[in-house]
Amino acid sequence: MMHNGTSFDNGLAWMFAQSHEERLSILENILTGCYQKLTDGRKDNQKHNEDALSIAIVNMLQMLSIDAEHDRKKGGHCDITVRARENFLWIGEAKIHSGYSWLEDGFAQLSKRYGLSQYGRDHGEIIIYHRGRNSGAIILKWHDRLFEKHEGITLEEDCIKDHMFFRTSHSCRATGRKFFIRHIIIPMLHDPEK
Amino acid sequence: MNLDHTRTILKSTRINPDLLDVCLDVTNALEGLDEERGSFLTYSFFVNSVDNLKPGEKLLAALNFLSTFEYAILDAHAYLDGDRGEPIILSDKTFHDMAKTGILVHPDDGEIVKDPMSKVRLFFSLRSEENLVE
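As given, the protein sequences belong to chains X and G, one line each in that order. For what it's worth, numbering that gives the first Met the number 0 labels the leading residue of the first sequence as 0, then goes sequentially. For what it's worth, numbering that gives the first Met the number 0 labels the leading residue of the second sequence as 0, then goes sequentially.
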């Protein structure tokens with residue numbers, strides 16, 4: 000019935016989460032699985048635009064009865080939001096990588112939109128869909144740029160080498176609480192060598 | 000419990016239409032339940048109470064959604080089938096630990112329960128009115 004890592008398990012874990020910390024942990028675990036599916040299906044999703052990729056993630060979350068939605072905004076930013084009981088809210092800014100200015104915008108969006116960090120509403124994600132080579136170098140370069148250009152950001156977790164993500168925090172201007180952002184890249188290069 | 004607000008909220012979500020239908024049917028089945036009756040709602044209760052329910056996973060998915068979304072109206076719990084068929088309610092922590100480890104210590108006699116997965120059942124309770132989000 001559970002603890003075997005199946006989607007049934009994940010659904011039950013979500014149902015029985017006892018705290019926001021646990022909800023976040025379960026959600027990030029599930030998202031990692033979703034991202035892996037995009038990587039594994041990269042041959043078939045090469046022509047998918049950002050909306051389609053983000054909708055695919057939302058659909059996977061919804062299949063686990065997670066209240067996830069996709070919002071398409073101007074400028075090609077695609078948001079994924081997850082809401083849950085006890086006022087839980089998580090948001091992801093997602094884009095197919097084509098340069099670093101979007102990443103700057105995405106970071107600014109998450110920083111400003113969630114200028115009001117509150118308990119259960121203090122985590123977000125920058126999701127980089129990457130169809131080029133060497134995704135590891137891209138996320139590392141983003142990491143370096145972020146810290147070069149922005150003050151007041153703290154590196155909370157560096158998992159670039161093994162898991163292609165890092166986590167930052169900054170102080171919310173309105174509440175003084177920390178807001179955490181996981182920056183993650185999803186390798187989607189399909190370039191079969193014959 | 001007045002569930003009109005819940006129905007309105009559900010209809011405004013963007014969940015799968017099939018799931019939405021089951022969520023609405025479950026919500027209808029909860030209408031008018033008093034606190035006592037609403038404190039122990041088994042899976043069988045929902046199977047018998049929801050009209051036109053087709054076999055499949057949608058009922059569990061709907062119960063999951065109604066227990067976890069922003070305007071949740073249910074709390075999820077679990078019980079252990081007792082030796083005489085009586086339900087032995089598990090604390091949320093006990094069930095939670097069991098879900099993580101696969102090990103269940105019998106709440107009454109302290110013994111490790113063999114094959115707990117086959118003996119634990121879900122049940123639900125209505126969230127109290129003061130905890131409902133408007």
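What the hints contain is simulated information worked out from the structure, not anything from laboratory work. This structure is a prediction, so every number in the text was calculated from the model and none was measured. Any given hint could turn out to be false.
Interface residues of chain G toward chain X, partial, derived using beta-carbon atoms under 7 Å [what the hints assert, rightly or not]:
id: 1; residue: Phe-64
id: 2; residue: Glu-69
id: 3; residue: Ala-75
id: 4; residue: Ser-124
Note that the Cβ used here is the ideal one computed from N, Cα and C, for glycine as well.
Results for each hint:
1. Phe-64: Because about 4 Å separates G/Phe-64 from the closest Cβ in chain X, which is inside the 7 Å limit, the hint holds.
2. Glu-69: holds, 4 Å
3. Ala-75: holds, 5 Å
4. Ser-124: violated, 13 Å
Hint 4 alone, counting from the list given before, is not met by this structure.
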